[in-house]
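> All chains should be built: construct the whole structure from the sequences, respecting the hints.
Each chain, written out:
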Amino acid sequence: MKTLPIRWAAVPLLVLALAALLLAGPVAAQEGSPPPGAGVIPKEQVPPGLTQIPGPNSPRTADDVILYMDESKLVGRITIPDPALATLVQPEGRDWRYFRTRIEKWVAAIAIVGMAAALLLFFVIRGRIRIEHGRAGRTVPRFNGLERFTHWMTALAFLALAITGLIVTFGRPLLIPLIGHSAFTATAETAKYIHNFSSVPFVLGILLMIVLWIRDNIPGKADIDWIRNMGGMFKGGSTHPLSETGRFNAGQKGVFWSVVLGGLALAVTGYLLMVPFYVTGIGGMQILHIVHAVLGALMIAGILAHIYIGTVGMEGAFEAMGKGEVDENWAIEHHRGWYEAHKRELPRHGSTHGHGVSAE
Amino acid sequence: MARMKFLCDAERCIECNACVTACKNEHEVPWGMQRRRVITLQDGQAGERSISMSCMHCTDAPCAAVCPVDCFYQTADGVVLHSKDLCIGCGYCFYACPFGAPQYPQTTNFGGRGKMDKCTFCTAGPEEDFSPVEYQKYGSNRLAEGKLPLCSEMCSTRSLMAGDGEVLEAIYKERVLRRGYGSGAWGWSTAYAADQPGNAFSPGRSGLDNV
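Order-wise, the sequence lines are chains A and B. Residues 575 to 934 (this note's numbering) are what the first sequence spells out, left to right. Residues 39 to 249 (this note's numbering) are what the second sequence spells out, left to right.
Derived by calculation from the structure, the hints in this document are not laboratory data. There are no misleading hints in this set.
With a cut-off of at most 27 Å between alpha-carbon atoms, the simulated DSSO-like pairs for lysine-lysine come out as follows:
id: 1; chain 1: A; residue 1: Lys679; chain 2: B; residue 2: Lys153
id: 2; chain 1: B; residue 1: Lys62; chain 2: B; residue 2: Lys153
id: 3; chain 1: A; residue 1: Lys827; chain 2: A; residue 2: Lys897
id: 4; chain 1: B; residue 1: Lys122; chain 2: A; residue 2: Lys679
Now the structure itself:
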């Protein structure tokens, strides 16, 4: 409120197209200090209020009357019981509009289409990463039922969130021309509800993931080797780094932490957007929406890479989350540290090794 | 064709809230929703002014630009309207609107805001004129009866004016000249481009904002 007198003072200033003299008088009069450089109107003649008397610089023609002035955010008092409406003009909406109509779409399109193109290019160049020594035929248990349930619950929820989010973001330019306005409204409204409710299994899944996997995702020495080796991305075979990779390699740890941190950030911003004005005002919601949209786009791009390497990108990888068991040679090539530590427990899991006895 | 605008002369508004009451009553606006409200700036201080504010029916309407379902349209009179059949209640228009005009009934489950409601310049919506469903969704259609918005008709000091922008401009300029002072037409620089009247558009128009 402290700055308001000056803003008000700016109004007659523009109206009268006059510089500081008149401005200084009334403002100073309000604040009870002598007008600096008081000139045209002596202080004692200036009644309270800024524009109560016509000054010597009053507009003389209609063209002097200003209709379009500089409006910055103005908050006043309001008698109706909705304090959010006390804002008279909220120019930040323009920045948010620019984000929503331009930046959001470009960021999401570049991130997602760019990632898809990069993966396609990688697939063409590198092909499917094979198990170098072929399948051993024996399997090692890797993820138990609870772990797989957690993974797939989160995965399905994320897919639902991603697709519905993309519908709301890109539907207007892409879907409305195809299916028309009323069909798209039905689609978008359903998408909105699916988006809201899928957040529950998504957040539950993330919390379970933290409990189940945070122990195995603490960065370690092997991760430096893995990163230096680029995860064997550009090597001929799936060469193992110098030190032995534990249960999760640096890439998987990266996925874990981006899902946990990114997912929680998406959840927090999303839930705050669901309850307008409980925590933030409009300005806060604009920022929340920007964070939510950018993070969502980056998460979709990241998960695309995760889906790629877990399915077509690497032989033997899908079985980990599919069946819960991986081929022994896959385990040795990608997670030798985990395999060695795990081997000592193997007798207890002996029953799971019946698949490939002939290979021995 | 007239370009309909609102102009609130802040030097005349006495914060009687008659415009607010008239609007609520005319359109049976539900509890908790405000199509129009009066804001007092510098309350209790020198230079206090009250301004009646609602949807200003912008020339380049931000609500229409950000709407994910493209439910807004602008009539040939420059009035910005929307279709409640298309609206999904996402709240985007509320983030973008400089005047806080969009309102939502909070009658649905969490995260659902219901169909947006805002000032229609007493022009209702895309339904058939004077039909019960039109009144139910958008309120009364005074413009189709040849009348101006009730808020401005109700204004006892003729502070709030509604009508053709050029006429409002002339009235306001004459007032400012006679008074010798004025505080500008609040909301005009944000809502209306100084040199263009705005173009009528309907859902599905082409334009860069859609890209």
